[in-house]
Structures are given as C-alpha cells and as structure tokens.
Amino acid sequence: MIRERIETIGADTLYYLRDLGRMGLFLLLAVKGVFTPPFRFRALLKEIRLIGVNSVAVIFFTGAFTGMVLGVQGYYTLTKFGSEGGLGSAVALSLIRELGPVLTALMVTGRAGSAMCAELGIMRISEQIDALDCMAIDPFRYLVVPKFLATLISVPILTLFFNVVGIYGGYLVGVKLLGVNPGAYISGMQHSVVNQDINLGIVKSFVFALIIVWVCTGRGYFLHRIRNAGFGAESVSRVTTQAVVISSISVLVWDYLLTAMLL
Amino acid sequence: MRHEPVIRLIEVSKSFGAGERAQRVLDGVNLDIVEGTTTVIAGASGQGKSVTLKLILGLLAPDRGNIEVSGREVGRMGAGELREMRTEFGVLFQGSALFDSLTVFENIALPLKERARLKAGEIRERVMRTLEQLDMAGHEDKYPAQLSGGMKKRVGLARALQMQPRIMLFDEPTTGLDPARSMEIYQLFYRTQKEFGYTSIIVSHDIPRIFDLADRVAILHDGKMWTFDSPEAILLSGEPLIQDFVTLTMGEVYRSGQVETL
Numbered sequence: 001m002i003r004e005r006i007e008t009i010g011a012d013t014l015y016y017l018r019d020l021g022r023m024g025l026f027l028l029l030a031v032k033g034v035f036t037p038p039f040r041f042r043a044l045l046k047e048i049r050l051i052g053v054n055s056v057a058v059i060f061f062t063g064a065f066t067g068m069v070l071g072v073q074g075y076y077t078l079t080k081f082g083s084e085g086g087l088g089s090a091v092a093l094s095l096i097r098e099l100g101p102v103l104t105a106l107m108v109t110g111r112a113g114s115a116m117c118a119e120l121g122i123m124r125i126s127e128q129i130d131a132l133d134c135m136a137i138d139p140f141r142y143l144v145v146p147k148f149l150a151t152l153i154s155v156p157i158l159t160l161f162f163n164v165v166g167i168y169g170g171y172l173v174g175v176k177l178l179g180v181n182p183g184a185y186i187s188g189m190q191h192s193v194v195n196q197d198i199n200l201g202i203v204k205s206f207v208f209a210l211i212i213v214w215v216c217t218g219r220g221y222f223l224h225r226i227r228n229a230g231f232g233a234e235s236v237s238r239v240t241t242q243a244v245v246i247s248s249i250s251v252l253v254w255d256y257l258l259t260a261m262l263l
Numbered sequence: 001m002r003h004e005p006v007i008r009l010i011e012v013s014k015s016f017g018a019g020e021r022a023q024r025v026l027d028g029v030n031l032d033i034v035e036g037t038t039t040v041i042a043g044a045s046g047q048g049k050s051v052t053l054k055l056i057l058g059l060l061a062p063d064r065g066n067i068e069v070s071g072r073e074v075g076r077m078g079a080g081e082l083r084e085m086r087t088e089f090g091v092l093f094q095g096s097a098l099f100d101s102l103t104v105f106e107n108i109a110l111p112l113k114e115r116a117r118l119k120a121g122e123i124r125e126r127v128m129r130t131l132e133q134l135d136m137a138g139h140e141d142k143y144p145a146q147l148s149g150g151m152k153k154r155v156g157l158a159r160a161l162q163m164q165p166r167i168m169l170f171d172e173p174t175t176g177l178d179p180a181r182s183m184e185i186y187q188l189f190y191r192t193q194k195e196f197g198y199t200s201i202i203v204s205h206d207i208p209r210i211f212d213l214a215d216r217v218a219i220l221h222d223g224k225m226w227t228f229d230s231p232e233a234i235l236l237s238g239e240p241l242i243q244d245f246v247t248l249t250m251g252e253v254y255r256s257g258q259v260e261t262l
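For the protein sequence lines, the chains are A and F, in the order given. Counted the way the working numbering counts, the first sequence spans residues 1 to 263. Counted the way the working numbering counts, the second sequence spans residues 1 to 262.
Be aware that a few hints might be false.
What the hints assert, rightly or not - Below are the PhoX-like pairs computed for lysine-lysine, each with C-alpha atoms no more than 25 Å apart in a straight line:
1) F:K224 with F:K54
2) A:K46 with F:K54
3) A:K46 with A:K32
4) F:K152 with F:K54
5) F:K142 with A:K46
6) F:K113 with A:K46
7) F:K194 with F:K152
8) A:K80 with A:K176
9) F:K224 with F:K194
10) F:K142 with F:K119
11) A:K32 with F:K152
12) F:K142 with F:K152
Hint data in this document are derived by calculation from the structure and do not stem from the laboratory.
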C-alpha cells in the first residue's frame, strides 16, 4: 500500500521531469532553428497569414469593444472625482500596459494556438512527422520553426493594432457619445503615456507570443508522449484543450510577473 | 558488397509500458538482411513487426541489443548521422502517411524540394515520370483524402522512391486492400525493385501471396524469431511450431510439400 503510493509519486515525478525536459529541449531547438539558415521564407509568409493576418478581424472587434468598455467604465469612475478629462490617459494606459498584450495573446491562443496544436497533433498520430523524419527532412525546420517565427512577428504587431483600435474605441464612446473634451482626451494620453509603458507592453507581447507558440506547438508535437491523452481524434482534442488552457493560464501568470518585475 | 548484411539486428529487445503492465514486444531478436534481397517479416498482429522497422530507422531505441545499418550502430549515431543514414531509406508506412494538406504532386515533390537542390522544372519532370510509371498520371492535383487506399499506397511508394533509396521498408503494404489491388501493389514492388535494385524489407501478414516476392521469410511470435529461412524451406519445414503456423495461415493445402500451387 505504502510502497505503491511511493511508486506512484516516483513515476509521476519522473513523468513531469521528462515532460519538462522535453519541452525545454523543444524550446531550445526551436529558438536555435529560428537563427540558423536555410530560412524558409515562403513557409514563414504562409504561417504569418494564418496566425497574423487572419486574426486581424478578431483583434479589431476585441480591441474596439475593449476600448469602448474602458471608455464607459472609465467615464463612470472618473466623473465621481470630476476628472473625466483623464479618460484618455486611463484608456491608453490600461490598453498599452495590460489589456492590449493580454487580450491579444488570449485571442491568438484561441484562434491560432489551438489550430497549431491540432495540426501538429494530427500529423503526429497519422505518422506524418515520422514520415518527415524518415525522409531525412527535419520536422523542426519544416513545421515548427516557421510557426515560432510567425507568432513572434505577428503577436506584437497585432498587439499594436489592438491598442490603436482600442484607443479609438475609447475616443468614440468618451468623446462622441459622453461628451468628454477631445483635446483633453488626446493630450491627457500624450502626457501620461511614457516610453516605459510602451516598452512594458512590447516586452509582454513578445513573451506571450513565445509562451503561446511554445506550449501549443510543443504539446501537439509530443502528443504521443502525453500521458492519459487517449488515442486518435480524442487525443488530439484533449491535448488541444490542454494546450489552450496551459497557454492561457501561463499568459496571465507571466502578465503578473512581468508587471511586478518591470514596474 | 553483395551477401554482406546491410542491416543487422543483434539480440534486440524492446518492451512498452512499465512495471507489471509492461509488454515485451521483442525478446532477443537476431536478423541479418543481405543487400539486394527481399525479406518478409511475418507474424500475427501485435507481434512487433512494425516496431522492428521503427527500430531500424532509429525512430525507437531498443531496450537491449544493437542495430547496425551498413556496419554502423544506429544507437550511437547523433542527430546528423541519423539523418544521413535515413537518406538511404525509403519507407512506405502502414497508413501511407501522406501529408494530407498537400496535393499528390506536392507530396511526391517534397523530398526533392527539401533535400535535392533541383530546379522547379526538373522536379516537375521527375514527379510526372514517376506518376506515369505507377499509373497515377492525371491525379497529381488531388489531395490524399480524395484517393482510394490503393492509390494512396502508390503515391506513398512514389514518394519513397524519389530519392532513389538503397533500402525500402514496407509496413503492411496491402492491409485493407482487396486481393486484386494487393496483386497490383506486389507487381509494382517487383517492377520497381528490378528497376531501382533496392534491398527491401516487407512487413506483412498477407501469407501466402507475399511468399512469391520473398527471398527470405522471418516469422516473429511472442517476441521471438521463430524462423528465418527461404519460403520453400518454411513451407517444407518439419518443425511442429512452423508447421502449425503454416497450417494456420495458409490452410492444409500448403503443407506436406505441395508447393507447386504457389
């Protein structure tokens, strides 16, 4: 009884250590692949279209409505102190420092991260990754590296886009609907947003991009090694869900850590 | 070089799972594959036939024992060496393992594009020639999902042959095909092997038809190599275990030396 329990603890520990080691090596190899030629330019463009360009509409709507909500909420709070002129800086700071990077990362996880994970998972279970290995084509270079690079390029740009759309959303609600002075909105924003805020947002968006692509491609790539994943279509659906959950939670945890570290 | 074993398995063991649920798939298997010959690995399902192929390719590592390809130990190769070794192989997977988001043409062209620095026109010419040889002309723009099982196998074979491998591995090439289609695939092996001169290892339980192609037959059972001999010798074998296997898989007719029907 006691022996069994200790055995289970040992086996679990080994499993998680191996899993962590695998994912660590995966990250190292992928990052190394990003910097070593030959570069697959066409594959990269294709992935940027899938991950970045196709997410623009989603990011546009999320950004616009987030900005609009911030406009309404901010106005409601600020009027209590009679300082609705600060609406511009409130909206811009919340977006640039916090909501832009986080919500963009969460949307990209849901839209592109899940797709990457499922794609690699299906290729794994139908032996397509083995087939690449057997043809002496490096599956890393062929499948994983373009996704890494494309996500690292797309997410920061999508974040910038989110911020801009959000700021205009806040402007639309605050100035056009609720009657805040347009000059105050813009100049308040200009005065309160400093370089450090923008840097924080950019650092966050790169870190989040790395988390998303690492977790989602890594889980899909090692689908066959994941315990209790089941088999076939079910394993793909389970592992994809797992990847989205891990990636979303990691984004939020790292958001806190980065804010606390870089504040 | 002929008659030198190109692939050697020495006392290879492999199990899956851990503790009491561990399943021993191979248990001290020895096998020598001679260059230019066709070896059939037979045995019921789940007897480690496909695992043997994956071990040879270095996709799995053995628990014990060594595997040598062209005199070099697979287990000691680094990633680069392993990749280089695999360039000598062509593999036809059990489920064909075609890239389902690429067309037939792109599938076959992939190894050429990735590994050989050829011009687009040259690649196109070579792919089309192979497609014609395998009676697949006109299907180049279809996706794997639009093909029948037999056609997928042919595309898989075409893709595997592109880099002119020295050794071809076939994992259950006729599973799920009707007898007529299976015969077609066998004829294709025969033709392509004559043309390309590769060494081939075929994993199959399509007995007795597969015996026509084989120079040597290895029978795996319970992780052990029961026998490794010429097909005739197996059919005529006096060993009770092998006799039982022959009777079980082929019926009474083939026993007692009536091989002329084959």
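Now for the hints, and whether the structure bears them out:
no.	hint	result
1	F:K224 with F:K54	holds (17 Å)
2	A:K46 with F:K54	violated (32 Å)
3	A:K46 with A:K32	holds (21 Å)
4	F:K152 with F:K54	holds (21 Å)
5	F:K142 with A:K46	holds (21 Å)
6	F:K113 with A:K46	holds (17 Å)
7	F:K194 with F:K152	holds (22 Å)
8	A:K80 with A:K176	holds (20 Å)
9	F:K224 with F:K194	violated (32 Å)
10	F:K142 with F:K119	holds (23 Å)
11	A:K32 with F:K152	violated (35 Å)
12	F:K142 with F:K152	holds (11 Å)
The structure fails to meet hints 2, 9, 11 from the earlier list, while all remaining hints are met.
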